[in-house]
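K.L.:
Residue numbers (this note's numbering), protein chains in the order written: chain A, 510 to 851; chain B, 510 to 851.
Any given hint could turn out to be false.
Here are the simulated lysine to any residue pairs, SDA-like style, with alpha carbons at most 25 Å apart [as the list claims (entries may be wrong)]:
no., chain 1, residue 1, chain 2, residue 2
1, B, Lys516, A, Lys516
2, B, Lys514, A, Asp522
3, B, Lys685, A, Leu582
4, B, Lys780, B, Asn709
5, A, Lys516, B, Ala584
6, B, Lys514, B, Leu739
7, B, Lys544, B, Tyr555
8, A, Lys514, B, Lys516
9, A, Lys579, B, Leu739
10, B, Lys806, B, Gln640
Hints were generated in silico from the structure; no laboratory data involved.
Protein chains: 2
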Amino acid sequence: MAQRKGKYTIVFDDPPMIKSSAAIGSKKEAQGPLKHIFDVINEDSYFGQATWEKAESRMQQDTVTKALEKGQLSASQVDCVFAGDLLNQCVGSTYGLRDLGMPFVGLYGACSTMAESLMVCSVFLEAGAIQRGVAVTSSHFCTAERQYRFPLEYGGQRTPTAQWTATASGAAVLEKGDCPPFIRACTVGTIEDLGVTDANNMGAAMAPAAAMTIKHFFEDTKTNGDNYDLIITGDLGKVGTRLLRELLLQDGYNIEHAHTDCGLILYDMDKQDVHAGASGCGCSASVMCGHFIPLIKSGKLNNVLFVATGALLSPTVVQQGESIACIAHLIYLSSQKEGGRV
Amino acid sequence: MAQRKGKYTIVFDDPPMIKSSAAIGSKKEAQGPLKHIFDVINEDSYFGQATWEKAESRMQQDTVTKALEKGQLSASQVDCVFAGDLLNQCVGSTYGLRDLGMPFVGLYGACSTMAESLMVCSVFLEAGAIQRGVAVTSSHFCTAERQYRFPLEYGGQRTPTAQWTATASGAAVLEKGDCPPFIRACTVGTIEDLGVTDANNMGAAMAPAAAMTIKHFFEDTKTNGDNYDLIITGDLGKVGTRLLRELLLQDGYNIEHAHTDCGLILYDMDKQDVHAGASGCGCSASVMCGHFIPLIKSGKLNNVLFVATGALLSPTVVQQGESIACIAHLIYLSSQKEGGRV
Chain A
510 MAQRKGKYTI
520 VFDDPPMIKS
530 SAAIGSKKEA
540 QGPLKHIFDV
550 INEDSYFGQA
560 TWEKAESRMQ
570 QDTVTKALEK
580 GQLSASQVDC
590 VFAGDLLNQC
600 VGSTYGLRDL
610 GMPFVGLYGA
620 CSTMAESLMV
630 CSVFLEAGAI
640 QRGVAVTSSH
650 FCTAERQYRF
660 PLEYGGQRTP
670 TAQWTATASG
680 AAVLEKGDCP
690 PFIRACTVGT
700 IEDLGVTDAN
710 NMGAAMAPAA
720 AMTIKHFFED
730 TKTNGDNYDL
740 IITGDLGKVG
750 TRLLRELLLQ
760 DGYNIEHAHT
770 DCGLILYDMD
780 KQDVHAGASG
790 CGCSASVMCG
800 HFIPLIKSGK
810 LNNVLFVATG
820 ALLSPTVVQQ
830 GESIACIAHL
840 IYLSSQKEGG
850 RV
Chain B
510 MAQRKGKYTI
520 VFDDPPMIKS
530 SAAIGSKKEA
540 QGPLKHIFDV
550 INEDSYFGQA
560 TWEKAESRMQ
570 QDTVTKALEK
580 GQLSASQVDC
590 VFAGDLLNQC
600 VGSTYGLRDL
610 GMPFVGLYGA
620 CSTMAESLMV
630 CSVFLEAGAI
640 QRGVAVTSSH
650 FCTAERQYRF
660 PLEYGGQRTP
670 TAQWTATASG
680 AAVLEKGDCP
690 PFIRACTVGT
700 IEDLGVTDAN
710 NMGAAMAPAA
720 AMTIKHFFED
730 TKTNGDNYDL
740 IITGDLGKVG
750 TRLLRELLLQ
760 DGYNIEHAHT
770 DCGLILYDMD
780 KQDVHAGASG
790 CGCSASVMCG
800 HFIPLIKSGK
810 LNNVLFVATG
820 ALLSPTVVQQ
830 GESIACIAHL
840 IYLSSQKEGG
850 RV
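With the sequences and hints as input, model every part of the structure.
P.N.:
Here it is as structure tokens:
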């Protein structure tokens, strides 16, 4: 049985392990400093399909297939897949996973989906409801841009606070066992909204959600930034990163020395013209699944917090004058199954 | 610990109970034969708000608040809410629940969301990850119609196979305890797609998903239609109901004597001009939370299967020629905490 710590945090008694993970990206991701983390780079942003939506579905299917292959597994050996994405009705996931025949739990957490899917999958494992699960998400620059902002052909100017939606996907296979990394605990996010209405400044909108969830976790576990090798947020970018650190400092938590953000490291911030950084479900998913999870697996990192942030807006509510409601879910990953911080 | 039965079914060791539930509807729902099941009828389809999306959010917030009130609880006593809806980015849930401050797990299962949220909440309870949760969903005729089909002002003709999206919401409060009804088991759905492309015939598209999930449950538990007082699907309507029964007969399961569909009973099929019946997340959610859950609570029903079906399409993929991928999740509810069918 999982134990609750405080009001928001779930600590696993028999922590699930991440058996394998995979990341797929496209052309722009291959031009960045993390090009080596991708299992597959497909420079064709259509992924051989007729539309961008089908491309995103294909990318997500390929990522799950690759993660299973790295774990020497087939789809029929998976009890449940936990998936979602940014597209209306989460069709990137539905249509991407349709042919794999796995029992399917659809999630919506916008760019927090990688943390949400790892969390829900871990709880299903802890309950004994499944023996093996897959957590996956994706984003695609072209599908997201036209759905949330403008037709690509329009060539709209991007503001300095805008972030670039990654064309990428990450997937992880979870089961019980003794090989790191282990998912030791998670903190379920609350919906935070400080009134930001600028849909081109997601970092500012999401930072308060990240700050709140991290604060909840620190309070619940009586730890702080000094207890972790790395606190990885995704995807706050330049603006949100600064705000997050400021907000946590106001609560007495200094995380600067341990903090990084997936939106700041996926692309070359000087040369790739991505303004405030990367974003999209696929950004933190691929950076975690392709980069940080392997680093914990190999023992180079030991105690890591992964805090994925999502802006839960729709274009419709923004047009109706609503501010941007956001959420962040936190996953505590460790190279150790016992001991550590919880 | 939950036990897995067969490949798809999760049987709870310490089954969660439904402490309280509530249903809210609007004008058309009040004109139907189930008008008495609603805790609140708001004849104003705007629910006092400026837009339909805000109306749906308000309805969902009111439904959760009412379910908590009936359980003599406040939002601060809830460990997590599990919610989703039909709107792009699930904004009915996000913006409806934003002010309640509860930890939030966003789901997307289209009209299967009530079963999905009950399932995920039950697993969280079984794992010990939470002590109390709320499952909720909603739909609104006006938001769904313009998002999926036509502007309401257009006055488009509806085909005979079309269903009418309910303006309704249902919410249930779950915790561990000894008062019925109990959630004894659930079967996670698989994505099924037999190639239906007519977005005005959701019943036909969804029936195969319902048939597959029911078949999986019967096989996993070695039971059949004779073992249950009622098998409640939602929302297949006239067309889907006939197809479901035919599909299951082909597999040797006759459920006709025990089967009903929320889409067939919410409205007066002769007088209310709803063509093939009701649909929308709020249809099965309100019919379950307002009608059937109380009937199990009072002992008038003992062993009930709730199979909510969802069409996971988006307007975009339909325009791109895709067929309609569907899913159904199953919940086995019982008035008894032990014994019974699993």
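K.L.:
Each hint needs a verdict: does it hold in this structure or not?
P.N.:
Going through the hints against the structure:
{"no.": "1", "hint": "Lys516/B - Lys516/A", "verdict": "34 Å, violated"}
{"no.": "2", "hint": "Lys514/B - Asp522/A", "verdict": "23 Å, holds"}
{"no.": "3", "hint": "Lys685/B - Leu582/A", "verdict": "36 Å, violated"}
{"no.": "4", "hint": "Lys780/B - Asn709/B", "verdict": "21 Å, holds"}
{"no.": "5", "hint": "Lys516/A - Ala584/B", "verdict": "13 Å, holds"}
{"no.": "6", "hint": "Lys514/B - Leu739/B", "verdict": "21 Å, holds"}
{"no.": "7", "hint": "Lys544/B - Tyr555/B", "verdict": "19 Å, holds"}
{"no.": "8", "hint": "Lys514/A - Lys516/B", "verdict": "33 Å, violated"}
{"no.": "9", "hint": "Lys579/A - Leu739/B", "verdict": "44 Å, violated"}
{"no.": "10", "hint": "Lys806/B - Gln640/B", "verdict": "21 Å, holds"}
The structure shown violates the earlier hints numbered 1, 3, 8, 9.
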